[in-house]
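Asker: Take a look at the letters that make up each chain.
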Amino acid sequence: MFNIVEKRNWYFIFSAILILLSIGAMVASVIKFGQPLRIGIDFTGGSILVLKFDQTVSEDAIRAVFNDHGLESAIIQPRGAPEDNAWQVRTQEITATKMGSILDALEAQVGTIDEDALNFDTVEPAVGGEVARAAGIAILVSSLIIVMFMWFSFRRVPNAFRYGVCTIAGMAHNLIVSFGFYALMGIIAGWEVDALFLTAILTVIGFSVQDVIVVFDRIRENIPRHKAEPFEKVVNRSILETIHRSLATQLNAMFVMIAIILFGGATIKPFIATMLVGMVSETYSAIFIAVPLLVVWEKAAARRKLAQVTV
Amino acid sequence: MKKSEPWQLVAIIILALVALFVDLNIEHPDWVTNLVFWQPADQRDLALHLGLDLQGGLQVLLAADVPAGEDIDASSMETARRIVESRVNSLGLTEPIVQAQGERRIIVELPGIENPEQAVETIKGTALLEFVDVGYNPLQRDTVITTTMGGPRVISSGAEATPTTAISPTEGAEIAAPEPTEESPLVPANPTDRSDMYSEPPAMQVDTSKAYTATITTAKGNIVVQLDAEAAPQTVNNFVFLAEQGFYDNLTFHRVEPGFVIQGGDPLGTGGGGPGYTVPAEIGLPHIEGAIAMARLGDEANPDRASSGSQFYITLAPTPQLDGAYTVFGQVIAGMDVVKSIAVGDEIESITITTGGGSEITATPEPVIYETIFTGAGIEAVAPNVTQNNEYIVEFKLNPEATEIFAEYTASHIGQFLCIVLDNTVISCPRVNSEIPGGEGYIEGNFTPDSVNQLTLQLRYGALPIPLRVESFNRIGASLGAESVEKSVRAGVIGLVIVLLFMLIYYRLPGALADVALIIYVLLNLALYKLGPITLTLPGIAGFILSAGMAVDANILIFERMKEELRHGRNLASAIEAGFTRAWPSIRDGQLSTLIICVILFFFGTNFGASIVKGFAITLAIGTIINIFTAVFATRTFVRQVAASAGDWLAERNWLLGV
Chain D
375 MFNIVEKRNW YFIFSAILIL LSIGAMVASV IKFGQPLRIG IDFTGGSILV
425 LKFDQTVSED AIRAVFNDHG LESAIIQPRG APEDNAWQVR TQEITATKMG
475 SILDALEAQV GTIDEDALNF DTVEPAVGGE VARAAGIAIL VSSLIIVMFM
525 WFSFRRVPNA FRYGVCTIAG MAHNLIVSFG FYALMGIIAG WEVDALFLTA
575 ILTVIGFSVQ DVIVVFDRIR ENIPRHKAEP FEKVVNRSIL ETIHRSLATQ
625 LNAMFVMIAI ILFGGATIKP FIATMLVGMV SETYSAIFIA VPLLVVWEKA
675 AARRKLAQVT V
Chain C
2 MKKSEPWQLV AIIILALVAL FVDLNIEHPD WVTNLVFWQP ADQRDLALHL
52 GLDLQGGLQV LLAADVPAGE DIDASSMETA RRIVESRVNS LGLTEPIVQA
102 QGERRIIVEL PGIENPEQAV ETIKGTALLE FVDVGYNPLQ RDTVITTTMG
152 GPRVISSGAE ATPTTAISPT EGAEIAAPEP TEESPLVPAN PTDRSDMYSE
202 PPAMQVDTSK AYTATITTAK GNIVVQLDAE AAPQTVNNFV FLAEQGFYDN
252 LTFHRVEPGF VIQGGDPLGT GGGGPGYTVP AEIGLPHIEG AIAMARLGDE
302 ANPDRASSGS QFYITLAPTP QLDGAYTVFG QVIAGMDVVK SIAVGDEIES
352 ITITTGGGSE ITATPEPVIY ETIFTGAGIE AVAPNVTQNN EYIVEFKLNP
402 EATEIFAEYT ASHIGQFLCI VLDNTVISCP RVNSEIPGGE GYIEGNFTPD
452 SVNQLTLQLR YGALPIPLRV ESFNRIGASL GAESVEKSVR AGVIGLVIVL
502 LFMLIYYRLP GALADVALII YVLLNLALYK LGPITLTLPG IAGFILSAGM
552 AVDANILIFE RMKEELRHGR NLASAIEAGF TRAWPSIRDG QLSTLIICVI
602 LFFFGTNFGA SIVKGFAITL AIGTIINIFT AVFATRTFVR QVAASAGDWL
652 AERNWLLGV
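Chains D and C, in that order, give the protein sequences.
Residue numbers are given in the numbering used here: position 233 of the first sequence equals residue 607, and the series is strictly consecutive.
Residue numbers are given in the numbering used here: position 127 of the second sequence equals residue 128, and the series is strictly consecutive.
Treat the hints loosely; a few may be bogus.
[Claimed, not checked] Listed next, the in silico DSS-like pairs over lysine-lysine satisfying Cα-Cα at most 27 Å (straight line):
hint	chain 1	residue 1	chain 2	residue 2
1	C	Lys531	C	Lys488
2	D	Lys607	C	Lys564
3	C	Lys488	D	Lys643
4	C	Lys531	D	Lys601
Hints in this document: simulated from the structure, not taken from any laboratory.
Given the sequences, and given the hints that come with them, work out the whole structure.
Answerer: Here it is as structure tokens:
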């Protein structure tokens with residue numbers, strides 16, 4: 375029988391590297407932007423304008439208009455393919471009236487704007503702050519509920535608490551990797567944290583238990599059946615018995631997510647990509663981190679018990 | 002193995018067919034759309050509702066502009082919301098949303114709006130309450146008008162609200178002094194005193210290019226007459242003049258000849274009276290059924306065939322023998338049944354004249370500018386009340402300045418209508434029945450407790466009770482949304498086809514059955530979105546596609562278990578049952594944890610202007626619940642049915658089971 379659990383230290387090392395890379399990406403982001411993740415206007419307040427011109431225009435021309443309106447700190451970036459002539463401008467919070475005069479000035483000085491493709495979003499800093507607080511609460515509450523849910527599901531298994539803790543470890547792993555990925559994309563592609571990112575993170579939390587629960591269920595089922603086998607072997611057997619299912623499910627979810635990333639609209643790409651990274655990490659961490667951790671814990675506990683007997 | 006009941010299979014097939022029917026992008030018959038009784042009666046349809054991010058528009062988050070920590074009165078906030086709602090409704094958009102959000106916020110969604118600046122101004126701006134003179138033509142509730150105070154702050158949008166005039170009087174609304182005084186200064190109250198009260202026909206006032214409609218009100222109903230000012234200008238002018246003076250009020254139909262004519266308009270009620278003059282003949286129009294014409298004296302005494310000053314008749318049938326002899330000046334366009342029911346002595350309660358676009362007239366109405374008598378600034382106090390007859394009324398008291406204007410106006414405009422207009426939208430159009438000198442009055446109408454309270458609130462708080470501030474707003478271009486929909490549908494179809502293929506190739510026959518279940522899953526979801534209706538946003542669609550991709554998870558769990566049991570040497574039947582039974586706890590736990598996350602996401606989404614998150618949570622949750630039905634119940638039914646009818650044959654072809 376192929377032994378997955380035996381090689382657990384390799385996975386631990388691999389995950390440690392992954393986590394270090396993720397933290398590295400966040401540190402790089404702090405150095406570059408002063409934040410571990412680039413926080414979008416949903417959380418900080420501010421304005422974002424997405425514009426599409428009818429002809430090729432220069433960034434300098436756009437910048438001149440924003441400078442005229444006292445918005446020297448505006449971040450102006452091209453958006454989509456160059457032939458789209460689409461631009462995204464992020465500024466501090468501005469009013470509808472001011473935006474109107476800016477648009478008029480752009481029309482006059484830069485070029486004709488496609489009104490249908492115009493997107494303008496303004497959030498007050500106070501609202502952003504509230505949203506950020508609500509987001510923190512949502513992440514905390516969902517993690518807590520999921521752990522309690524695990525603990526409740528396995529309440530009849532000896533040491534149900536350990537199952538819960540190992541699940542949290544896996545969940546933390548997934549979150550750090552997802553955050554790291556987003557930090558990296560923030561540096562490379564300018565992705566910013568918005569309400570959708572949070573949705574992706576909460577979904578990753580929710581699905582963090584999907585694979586773990588299947589393996590744990592199987593362990594629970596296999597313990598009485600294979601009483602003669604050591605715990606480690608029972609766990610390994612359980613993983614092998616369920617790995618087909620984990621991979622098949624994961625594959626299907628990946629198919630649709632990759633389809634959305636490749637063919638879907640630009641607005642939800644970061645959202646789905648984060649979810650994809652989180653879910654891949656989830657399947658990996660369930661099999662290679664959470665379950666092996668349980669073995670380590672059970673073994674350590676068994677050794678302590680043994681030691682007590684000999685004394 | 003448990004036997005699968007045939008009815009289960011039949012039920013699943015019927016359900017799938019119904020869902021397919023709902024999903025089809027066709028014109029559904031009315032009786033079908035009427036079945037969705039939980040949707041508001043006037044908005045029942047089986048269409049997909051797209052969120053702002055997909056159809057484009059403006060989302061505005063308004064907050065009470067008060068210092069932090071200060072308490073906000075919930076009822077004032079509700080009043081503010083109502084006022085904003087009525088302003089938004091005056092923009093004439095389809096399906097705008099105005100919702101309270103928490104204690105101090107209002108969220109406004111304006112689909113298809115193009116000019117956010119003006120929209121924001123409209124929402125935020127101070128409400129303007131006006132008392133407007135509309136003459137004899139009452140306006141329907143919710144009509145948007147232009148007054149001397151200015152036009153509606155209408156903003157350019159798909160459905161532009163142009164000022165229009167309407168012909169139907171506001172139902173039952175009347176204005177009256179607290180203690181009604183003797184009425185009618187224009188014509189004597191006693192009809193017989195009106196006989197010969199004038200000495201010559203009125204000066205020409207009507208505009209022959211305009212359409213005039215007269216509504217003759219009787220106890221038996223209304224008779225609506227289209228007047229032909231082009232064919233008989235002087236006759237119509239005279240008729241309009243007399244009607245507006247109230248000359249016809251309380252006169253009778255003194256002659257009824259069944260199958261021929263009904264005749265009325267004589268102040269003496271004998272057939273011998275008139276206003277004191279005759280009108281020159283304008284003979285030309287034919288006597289078809291429902292023609293209205295002026296009576297006259299016989300040819301001997303009246304060789305010029307001049308019309309009577311006020312007596313008119315309406316034909317009950319075509320009477321060509323009268324053609325060329327009498328002046329026909331109009332035609333009944335509604336209420337012919339009333340005409341036919343008139344008996345001798347029936348009273349003409351009143352005749353009102355409507356100018357401009359009548360119900361039958363399609364000529365583009367010119368924007369009418371109505372005169373504002375005074376504004377809401379003149380109102381001192383207002384309160385709802387109930388009369389002895391248990392009718393709801395709104396009592397109001399004006400300040401001294403407005404009292405004077407009001408008294409003057411009511412004295413000189415008896416019988417006319419005074420519209421109460423909020424933000425250029427007509428609230429009600431009571432009739433001035435008498436002079437109101439004291440500055441106190443009440444508005445009555447067919448109010449319900451709700452509508453009387455609403456009117457009181459609108460009168461009392463023409464201006465917002467709480468200042469509002471735009472806290473955040475989001476404008477989404479329409480083409481961006483359309484592009485997103487197109488791309489999402491394509492992505493969804495591609496993703497789904499890959500999943501279907503994967504299941505088929507990897508799990509063979511059971512995979513094919515799971516594919517059928519997945520297709521039913523998609524049909525059921527879409528049907529529910531339409532029936533709900535559930536507004537689809539871009540994240541919502543993503544949630545749906547994602548849930549479809551993961552919907553097969555339950556099947557995979559079951560089939561993997563089945564294969565395992567088969568490898569352990571179980572027979573097909575018991576392997577199938579074991580597969581479903583053993584996989585169930587994992588399926589249940591997984592679905593439950595997803596639902597928990599959906600609940601958290603939903604609450605997170607309702608907390609602030611991030612409805613975008615809510616859409617995802619809703620579609621994912623619906624998908625998860627439907628999934629339990631299709632992936633477990635439906636698939637099990639299919640598998641059992643196939644195993645029961647072809648079990649032996651299958652047992653020898655393990656490759657078909659993917660083993």
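Asker: Confirm or reject each hint.
Answerer: Taking the hints in turn, this is what the structure says about them:
1. C:Lys531 / C:Lys488: The hint holds at about 20 Å.
2. D:Lys607 / C:Lys564: With Cα atoms ~22 Å apart, Lys607 (chain D) and Lys564 (chain C) stay inside 27 Å; holds.
3. C:Lys488 / D:Lys643: Judged against 27 Å, a Cα distance of about 12 Å means the pair holds.
4. C:Lys531 / D:Lys601: violated (54 Å)
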